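> Next come the chains, spelled out residue by residue.
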Amino acid sequence: MLNIKNLQATIDNKHILKGLNLNIKPGEVHAIMGPNGSGKSTLANVLSGKNGYEIKGDIKYNGESLSELSTEERAQKGIFLAFQYPLEIPGVNTNNFLRTSLNSVRKAQGEKELDALTFLKLIKEKASELGIDEKFLSRQLNVGFSGGEKKKNEILQMKLLQPKLSILDETDSGLDIDALRIVADGVNSYKSKKNAFLIITHYQRLLDYIKPDYVHVLSDGKIIKTGNADLGIQLEKTGYSKIV
Amino acid sequence: MKTEDLKNIKDYKYGFTTDVENIRSPKGLSEETIKFISKIKNEPKWMLEWRLKAFNRLKVLKEPNWQKPKYPKINYQDLYYYSAPKSASEKPKSLDEIDPKILETYKKLGIPLDEQKRLNGIAVDAVFDSVSVATTFKDELTKKGIIFCSISEAIQKHPDLVKKYLGSVIPISDHYFATLNSAVFTDGSFVYIPPNTKCPMELSTYFRINASETGQFERTLIIADKGSYVSYLEGCTAPMRDENQLHAANVELVALDDAEIKYSTVQNWYPGDEKGVGGIYNFVTKRGACRGKNSKISWTQVETGSAITWKYPSCILQGDNSIGEFYSIAITNNFQKADTGTKMIHLGKNTKSKIISKGISAGNADNMYRGLVEIKNKAINSRNYTQCDSLLMGNKCGAHTIPYIKNNNATSTIEHEATTTKINEDQLYYCNQRGLDQEEAVSLIVNGFCKEVLQQLPMEFAVEAQKLVAISLEGSVG
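These protein sequences, in sequence, are chains A and B. Numbering of the first sequence is given in my numbering, commencing with residue 1 and proceeding in unit increments. Numbering of the second sequence is given in my numbering, commencing with residue 1 and proceeding in unit increments.
Rather than coming from a laboratory, the hints here were simulated on the basis of the structure. One thing to keep in mind: the hints can contain errors.
DSSO-like cross-link-like pairs, simulated, lysine-lysine; straight-line CA separation at most 30 Å [what the hints assert, rightly or not]: (1) B:Lys467 - A:Lys77; (2) B:Lys376 - B:Lys352; (3) A:Lys112 - B:Lys451; (4) A:Lys50 - B:Lys451; (5) B:Lys467 - B:Lys406; (6) B:Lys354 - A:Lys135; (7) B:Lys422 - A:Lys40; (8) A:Lys135 - B:Lys451.
A quick note: this is a predicted structure, and the numbers were derived from the prediction, not measured.
All chains should be modelled from the sequences, with the hints used to inform the complete structure.
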């Protein structure tokens, strides 16, 4: 699904990713761990197509070169990024945003756009699966949401848009244990043989709930170690310093 | 047609002119021109005298120049002050008799001059150039005693009301453009709602500038008698052209005891091209008097067009407990300029006013909010709340806020809040990541920014306005 070869990324003359290689197949869950400043969020931004990065190397997504696709085209083709800091958009109703988003993706995929009523039924269903109160949907997008609510909203969007590749950028940060469980349940319930996850995190605790197939350690812009779920547990005990 | 012309037409959706033979007044501003206008409209003597009084006053007035957007000197002797579609002089009795080209123009604009209107519940008094060519729903309104007609007709049929109220809110000596309008106004709408009557439908007028070199001087007068209610919609689109055109309308609203007037505008005059050539000068005087106790006047405007927009829809809160509101969205793109805002003059006790202004600048445009809140010494226990928000797109545009605040008594309160923000790249990225393209994302964010104002518009207008907001800002980011 995703093949990254010798990826280099520079922003504002800062060289951040320095030759990163990663292969993700459908059905796999990959976790990326690493100390602050190692380039974890940069990787998420580069994959989703954020502006401002100078990029070298090759990223193939389902055989297609990502560098030629705009952010929205990537999203429409099934790449989803759960933001570390979801943005607030004042005056925009959450429901309305989610419907616009879903219909943009559906339209690009040649599917029929959903009318307001059909959508409402769908979103209520998805929201209740995540234990999200309906009232939440009529509030302005992320405005005045608590950290936990924002992250739950990201997972709701993921489940709604049904991406092929879901990138979770420190979705666990700032979550209490209950919210963490809800987020993890959301991910686990969406996991299938067809879709894949790239989970970026500092801590093992999220991986207690979402079991990764691979754990990679990112340091100074490169993956320096790859292992199975045990690597995460080991890191939790020893810290990064032993490896880096 | 040159390719460039074609491109311009594509860019301005409503940019087309209709070929209609025109009857024109003599060129230039003179007593002769005014007499011509008055004669062709078959006006009574008092009306001509009123016009001439304004004209004499105009001779000693100077064009104001304190506004921020400057414009080349207007040669008032080079304009035509009256122009009417020829077919209108034969007074069409039904839509079938109307010049098909005019009907075609309305069709392009999406003005529903057929049965659809009935379903939509909108009566349209359509102004094509300077003469009203079609008025509908009159019968239904007449049953309730509501008068909705052109001001020309009102002068003929309801002279007492016109004499009593015309110029009572905007005196003929008020300022240069208002006085000019008083001298040469050609047509516009007249509305009278009798006591204790709620107007059963939104009243709507579409204005268009069509004949070349014709300044347009609309005059609108709306009177809501005691305990009545009316919602009035005004929408404008104009055909594209190169020459600058002056639009100096006067709108007067009078609300008597316990009456309410809601006046909504969507203004989309031709803004000039991407380089700033051409476009309408929209110098309009709009003023409402809350003359009676417990009366209310609410202005809502969505200003997206014109090369220069220069207007301050205002409320004079004379009656005790009266309320004035101003909700505004002003969008300027490319080389457009706007100097707009409101005046709230508190005279009566316990009067309240609320101002919500949303200014959006893109391209090389300049957007100014200028407002006056004045609470006079007898207006005890009065309140004003003002919120001015500016949104900048790109780094070549400007936003300015100049609030004038005068509070003359200690029992009254004035609150003013202002923010200026730049459209946030991260918000755009977030929307893009959810599959929205750049234009959809901008439209979503901007409509969110304007929401408090958009939700004041009647439903069918709000949808149109949202689209217009998006169209106006197309191509302004990224």
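> Which of the listed hints are broken here?
5
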